[in-house]
Amino acid sequence: MKDVRKIIIFITISILSFFQIVFIYSQYISQLSFFPDWKTKIDRQTIIISDTQGVFLKIVPANYQYEYKIIRNDNILTLSQFIDNIADGSNNIQQTITLCKNCYLIDEKMKKVLTQKNINDDIVLKKKVMSKGYTIQSTNSLDIKVNSSSAGIFDPINNKKILIDIDQPSTIYLDEKNQQLHIQTGVIKNDNNSYVINQKFNFL
Amino acid sequence: MIMLFIDIFVLGALILVKLGLINQALASFVAGAMIYLLPVYLAYNCWYFAKNKRFIYWLMLSLISEFIVFAIICALSFLSVDRSLFITDATYYSFVLTNLIFIVMGALEKKQKNSIVVNKKDLYELLLLTTVATGLFFIVYRVSTPIPGIVNWDLLHHLNMVRELIKGNFSLILSQISDTFTFNSYTPFFHILIVAPTLLFKADTTQVMWWAEFFHYLFTTYISYWLGKKVLGGRWGALMTALISLFIFESTVAYTNLFFLPLTLAGTLGALFTAEIITSHKKEFNFKNFVLGFLIVFMIHYMIGIAYLLLISVIYIYHKSKSTKLKKILLIGSFVFLTASVLINYFNQKLFITDRPDAKHFIYSIQELLAMFNQWYGFLPILFIPAGLYFIIKKKHELGWMIVFAVFSLSGMAFFPFSYGLKVYALDRYFINLLIVCGILSFLHEFHNRFLQIFLIIVVSLAFCSVFVANINAHLQLSYNGKNNSYISKADLEAANWLNNNFKGKRIYLISDPTTQAVFEALAGINSQGGAFPRPDTVELISSINSGLDATSIRDILLKVHDTLPYQNGRDITLFVLSGRYFNWQRFSWECKTSYACQSWLPQEIQSSDYDLIQKMTDSNYFKAIFKNKENVIFELK
Chain A
1 MKDVRKIIIF ITISILSFFQ IVFIYSQYIS QLSFFPDWKT KIDRQTIIIS DTQGVFLKIV
61 PANYQYEYKI IRNDNILTLS QFIDNIADGS NNIQQTITLC KNCYLIDEKM KKVLTQKNIN
121 DDIVLKKKVM SKGYTIQSTN SLDIKVNSSS AGIFDPINNK KILIDIDQPS TIYLDEKNQQ
181 LHIQTGVIKN DNNSYVINQK FNFL
Chain B
205 MIMLFIDIFV LGALILVKLG LINQALASFV AGAMIYLLPV YLAYNCWYFA KNKRFIYWLM
265 LSLISEFIVF AIICALSFLS VDRSLFITDA TYYSFVLTNL IFIVMGALEK KQKNSIVVNK
325 KDLYELLLLT TVATGLFFIV YRVSTPIPGI VNWDLLHHLN MVRELIKGNF SLILSQISDT
385 FTFNSYTPFF HILIVAPTLL FKADTTQVMW WAEFFHYLFT TYISYWLGKK VLGGRWGALM
445 TALISLFIFE STVAYTNLFF LPLTLAGTLG ALFTAEIITS HKKEFNFKNF VLGFLIVFMI
505 HYMIGIAYLL LISVIYIYHK SKSTKLKKIL LIGSFVFLTA SVLINYFNQK LFITDRPDAK
565 HFIYSIQELL AMFNQWYGFL PILFIPAGLY FIIKKKHELG WMIVFAVFSL SGMAFFPFSY
625 GLKVYALDRY FINLLIVCGI LSFLHEFHNR FLQIFLIIVV SLAFCSVFVA NINAHLQLSY
685 NGKNNSYISK ADLEAANWLN NNFKGKRIYL ISDPTTQAVF EALAGINSQG GAFPRPDTVE
745 LISSINSGLD ATSIRDILLK VHDTLPYQNG RDITLFVLSG RYFNWQRFSW ECKTSYACQS
805 WLPQEIQSSD YDLIQKMTDS NYFKAIFKNK ENVIFELK
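Going down the list, the sequences are from chains A and B.
Counting from 1, one number per residue, gives the positions in the first sequence under the numbering used here.
Counting from 205, one number per residue, gives the positions in the second sequence under the numbering used here.
These are computed hints drawn from the structure, not numbers from a lab.
Hints are not guaranteed to be accurate.
What the hints assert, rightly or not - Facing chain A, from chain B, some residues (calculated, C-beta under 10 Å): (1) 586; (2) 660; (3) 667.
What the hints assert, rightly or not - Below, a list of computed lysine-lysine pairs in the DSS-like style, where the Cα atoms sit at most 25 Å apart: (4) B:598 / A:6; (5) B:371 / B:710; (6) B:599 / A:6; (7) B:820 / B:842; (8) B:371 / B:406; (9) B:708 / B:694; (10) B:832 / B:842; (11) B:708 / B:371; (12) B:600 / A:6.
Where is the CB? At the ideal position from N, CA and C, for every residue including glycine.
Chain A on its own, in the form it takes in the complex (with noise of 0.2 Å):
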């Protein structure tokens, strides 16, 4: 009898260490496999993607000299960077990324980007938001503020959350008649509080 305690001591200590180091090498992994994003240099000029779990999705380091363009086609989000051709005056699109499938805009007035994770659950992340610059508005709600120049998208379909983060204070609107998204971003005039347009991105 005493014989198959130790047994089963021996195998639940041995299968449960087994089960951590396996448990923690697949945390490691994708901890690992997410690094090329995390090791991207992510700025105010950075535009961010997030999943509905909090976790960054794609990095795509944005280059305001350079106009941006976020296209709606068939319900398929995709953010294209443009070139100005100086030769024939045409545009380049020098980069194509597919930002979510089925996207639309969740709050474009208070510019808040939602997630079903509780973001304080994992304390790597709120730092690193944190550290960005974002605050965190409550201490269990879903909700996470994201200061006033981000904006953010959701995917209904995939249940996907995008945060667009640009470094300037910005207006988003739907444009239902016409079936448009628009951001338009700019500098507030400090007397009247107003939006004057700098740049416009349409969402097609």
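Mind docking chain B on chain A? Use the hints.
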């Protein structure tokens, strides 16, 4: 033999430094080691002759020696006229005087010299632990942090304090030395521990701190080994406690074994003294040790000192009475306290001890605490902690109940939702580790076959080691700056060195965003308003600077920034730094700008769109661009 080695090491290094035969990198390594070895060396002169050979007395004497060094520096600070020379002289005098005091004390105590007896098996185990610790530190933790990189931004404030002390600005109250310290959490005792070897060995402060963290990692491992040996007894108990200490890194707030901070040193010494008290016999348990231990821990960190005092006071009372009834009351009381803390936390009640934004931020919910615990330990403690409790109750281990009492009461404090409460975990972790080891031992005791025991120890160690690797990996992501893991970059060091070389002896006042201020305070010893913690009115002023303003307005704004400490306002030169960090910070929301937890710590290059302001200032008559690299542009106000 060991003491001969320390003798040769200390005196040899001092002579070589005096002769200028070792370079600064090597001197910094030696000085890092000396943070621990210097007090030990001083104490050795007394312990060598003393009646009592116990290790703890030696260690106590080491701390007393540092205490004397500190007291002499305090006394000399009142007498000194030339402040810039005072600290260097004071350090040398205090070092020599302390040595003399101890030699005389030791000679009076007893004429017969003691010899140090080291058990061979202990030595082998310590060598094994040293090898593992060295491997983990350099291969896992510091693999992508070249000297003098920093993965812990708290260190910047302490570097600033060390530099202020070296400049001769001494006070027992930190906020009177620098307005970076707005909350007085400790005396400069910890910083004197760093100042002394840095000056004696003419080392570079930033590099000394890099090495100090390695020696601190070794120190916490040795202390854990000693704790395991004293409290649990036997070989496996000591070895497992040390291994668990190596593998568990509290990567939020507590940071006990890998960060060298007042908090972590106080926690480690507090655990050491507590263990000494609970393992000492009634006749050896004297009030003198009680008070001395408390004073040392308290001077290093007030909060840990208070937690330590509460803990040992209760144990002291029990030691005096030895009442079984009292023991039960204490255990039940501590359990009720822990439960109450968890419940109060669960119902989201919070107690802020200051108005500082970070004081509000560093309160964690139970869910967050459990997530952290899982990240630091993995899930195995779910098995080992209950097993440890059962083991202690079943065996009626005399010391076991005190471990349980310490775990319940200190965890109660750590989980209680008040600002910085989790800092108590720096002390608590040693007792939680002991409880986990009790659980492991309870299973090991089932086996008499040595091979099976070793196999289980290896398997469990690997499981904890895997947690360590993943935890460190996740933690290091925070400090990844695009090239390596560090909150300071080559460009920062280049700018700081340039300032040091070109403005030597001049009083410089630097203005920038909080993190740039903190970096330059730490690396170049330059004063700023508040470093990483400027006052809200300063933040408002700096925040109001934008490319829309003309150079005259920017200059007017900068001239309104004043230090909190009147004597720090005197300046020969005022500098304004526009850095990648600064421009990133300017884009933050107001809440972020005023929050310590939400700052632009990572070094970054200045973006092309930000050069408008730089160009405007360069073209103006009020500013002169005196230094430029990809990350920092330094302007001097004309």
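Hint-by-hint comparison with the structure:
no. : hint          : result
1   : 586           : 9 Å, holds
2   : 660           : 6 Å, holds
3   : 667           : 4 Å, holds
4   : B:598 / A:6   : 18 Å, holds
5   : B:371 / B:710 : 12 Å, holds
6   : B:599 / A:6   : 19 Å, holds
7   : B:820 / B:842 : 15 Å, holds
8   : B:371 / B:406 : 14 Å, holds
9   : B:708 / B:694 : 21 Å, holds
10  : B:832 / B:842 : 17 Å, holds
11  : B:708 / B:371 : 12 Å, holds
12  : B:600 / A:6   : 22 Å, holds
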